[in-house]
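Colleague: Listed below are the residues making up each chain.
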Amino acid sequence: MKIEKKPSVAVYKLSSCAGCQLELLNLEPYLLDILEVLDIRYFPMAKREAGSGPYDLGLVEGAVTSGEEIIRLKKARADCRLLVAFGSCACYGGLPSMKNWVAERLVEERVYPNLAAVHSIKAYGIDEYVKVDAYLKGCPVSRDELVDFIKGVLLGTKPYLRPHSVCVECKLHENLCLFVTEGQPCMGPVTTAGCGALCPSHGRVCEGCRGPANDANPESLVETFEEYGLTRADITRRFRKYAGMTPEFERGAVSS
Amino acid sequence: MTKVLPQGKLKDFLKDTMDKYSLVAPVREDGVVVLKPTADPEAVVTDYLNTVTSPKDFFFPQTERMFRFQKTEGKIRVEETTWQGKRVIFGVRPCDLGSLELIDRVFQEGEYEETYYLARRENTTVVGLACSSPGPTCFCTTFGITPGSPEGADLMLYPDGEGFVVEVLTEKGEALAQQTETLLEDQDVDLAEVKGRFEGLKVPLGDHLSVDGVAAKLDGMFEHPVWAELSPRCLGCGICTYLCPTCHCFGMTDEVRGDQGVRLRCWDSCQFSDFTRMAGGHNPRPTKKERVRQRFMHKLNYYVHRFGRYLCTGCGRCLEKCPVGLTMVHVIEKVNDSGTREVAVNE
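Protein sequences, first through last, are from chains V and Y. The first sequence begins at 1 in our numbering and counts up one residue at a time. The second sequence begins at 257 in our numbering and counts up one residue at a time.
Bound conformation, chain V alone (with noise of 0.2 Å):
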């Protein structure tokens, strides 16, 4: 494929583990290919040089936790054409948003001996703030949707990015399901799909990393959990492990 002129790139971290971007690197495949078609100007991970905006494509990485991440979200808002949220913790806090139902101290004392320069707030996604184009979900985000996306974006085609739940692609894999024959606690059935149905396809049940599907019924798998043993703290951290800050899955979190 020949480009007259490359979209520029720019990723951005904020408060995550790095796992996205690595995946990004990961694409060992295509990468070079991708290097073809786009122009990565701005990935202090991967790059020494940072080259400035403005941008064609800004991703996204991590959930916003301080007021200085607001103040870099915004400005990346201001130098990209598009917007990502890339990855769970950017779509709606992921899993550092474990912490929104403690106290923020109490947090801050866990992990920092000195608190003098530490000033932490709740976990948000970062569309608590600016507005988002695309939301690639997942712990880390799924490879094949992030090479559909780039695709999509180049050819200014909207990507297919399956709004239904994990028990479709489990079901497409043909997989023994752990949730109906097993009776495990898996939250298949109220996650969005794009994942491959990776962790049923190994025999672990889905944990709800990439957030509630298009029409998640969450208040029907709580009564399925409870019937199951699990008690409500049990019932409450499963849904709030990743996307607690969604509407659906926090309805799962207090409903009883």
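By construction, these hints were calculated from the structure, which means they are not laboratory data. There could be a bad hint or two in this list.
As the list claims (entries may be wrong) - If you want the footprint, here are the derived chain Y segments under chain V, 3+ residues with CB under 8 Å:
| no. | stretch |
| --- | --- |
| 1 | 488-499 |
| 2 | 517-530 |
Said to hold, decoys possible - Result set (DSS-like, lysine-lysine): computed pairs, CA atoms no more than 25 Å apart in a straight line:
| no. | chain 1 | residue 1 | chain 2 | residue 2 |
| --- | --- | --- | --- | --- |
| 3 | V | 158 | Y | 327 |
| 4 | V | 171 | Y | 577 |
| 5 | V | 171 | Y | 292 |
Claimed, not checked - Not close to chain V: a few residues of chain Y, all C-beta gaps over 10 Å, as computed:
| no. | residue |
| --- | --- |
| 6 | 286 |
| 7 | 336 |
| 8 | 343 |
| 9 | 369 |
| 10 | 407 |
| 11 | 451 |
| 12 | 457 |
| 13 | 560 |
| 14 | 564 |
| 15 | 579 |
By construction, the Cβ of each residue, glycine as well, lies at the ideal position given by its N, Cα and C atoms.
Please build the complex by placing chain Y on the supplied structure of chain V, with the hints as guidance.
Modeller: Only chain Y this time, still in chain V's reference frame:
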């Protein structure tokens, strides 16, 4: 005289079958029995209530490539996928045999013939296996099927004492009987008596569940509160439609790379919210109420109006696998029990 396949000759029967046909048969895998292509007669089992997945998968696969296409010098070349070879599906239970007949009507009757499905049907010989002990989730008799019904099979096996009494039903069944004729013994057995014994077996759930008048009653129940009562527990996981031997909805997509691509057909499910979502975003079945209603109205009313039969064979897979118990039996009971007042209003 009736043909009988002695129990000890079953493996040989499968071996002889494989000389001429590829074999799909029930095998035990991860603790469950599934229908799978197999080349090992030793792996084939007959001691199962029913297979987890139904035989529909082998006529109407989850994903199939319909054709390839390639653009060259302004022209488009299309390369159709064609079906080759002969196949035997062994050990299909009467409920699943019945389901093949129901899907046949969808893909065969009317203006268009579904050639992908029909090619597989034509080239597959179905060996049925009568049920000796119906299980707690079986309700075939609700729909007029019995543990001994052979309809849908080419060749039927009735387990009897030390072997299987054989009934040949079609030309394809006859061809298979000839292929394995050295193994089939002529014995002094009364086929009608054996069949009668299976037809008379008790199916506890089915014998007590009546579907009489349900289709007619549903004519007036489109707006009945029963749907809003039933639907809130649905998780939308779609396992009912995937395991159901009679569900047959699909979607088609083109996968294009450069100037070539393939057209794929994949199963779809009316229980998914994007099933009816249109290009502009409008969804005529926006909530679970409409979607649950659609599934059961299709099986218990719409199909009955079109083809004169219920689109369910009482296999019991939804009873066994629905995580929230929203099953065919539950819905039929609910419809039977529902007041007629609302019906009168709608009429």
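Colleague: Hint by hint, note whether the structure agrees.
Modeller: Consistency of the hints with the structure:
For the stretch 488-499 of chain Y, the stated coverage by chain V is satisfied: 9 residues place a CB nearer than 8 Å to a CB of that chain, which reaches the threshold of 3. Evaluation of the coverage hint for the stretch 517-530 of chain Y: fulfilled, as 5 residues show C-beta separations to chain V shorter than 8 Å, against a requirement of three. Annotation: proposed proximity of residue 158 of chain V to residue 327 of chain Y holds, straight-line Cα distance about 23 Å (limit 25 Å). For the hint pairing residue 171 of chain V with residue 577 of chain Y, the CA-to-CA distance comes to about 13 Å; that is within 25 Å, so the pair holds.
Only pairs whose Cα atoms come within 25 Å are accepted, and residue 171 of chain V paired with residue 292 of chain Y is accepted, the gap being roughly 16 Å. Some Cβ of chain V comes within 10 Å of the Cβ of residue 286 of chain Y; the nearest lies about 6 Å off, and the non-interface call is violated. Against chain V, the non-interface label of residue 336 of chain Y holds: every CB pair exceeds 10 Å, the least being about 24 Å. The claim that residue 343 of chain Y lies off the interface holds: its Cβ sits roughly 19 Å from the closest Cβ of chain V, which is beyond the 10 Å cut-off.
Against the 10 Å criterion, residue 369 of chain Y stays outside the reach of chain V, whose nearest CB is about 27 Å from its own CB. Consistency note on residue 407 of chain Y: stated as away from chain V, and its beta-carbon is indeed over 10 Å from all of that chain's, at 28 Å minimum. No beta-carbon of chain V comes within 10 Å of the beta-carbon of residue 451 of chain Y; the shortest separation is about 34 Å. At the 10 Å boundary, the C-beta of residue 457 of chain Y stays outside the reach of chain V, the nearest C-beta of that chain being 27 Å off.
Residue-level check passed: residue 560 of chain Y sits 28 Å from the nearest beta carbon of chain V, beyond 10 Å. Against chain V, the non-interface label of residue 564 of chain Y holds: every CB pair exceeds 10 Å, the least being about 31 Å. Interface exclusion of residue 579 of chain Y from chain V breaks down, the closest Cβ pair being 5 Å apart, not more than 10 Å.
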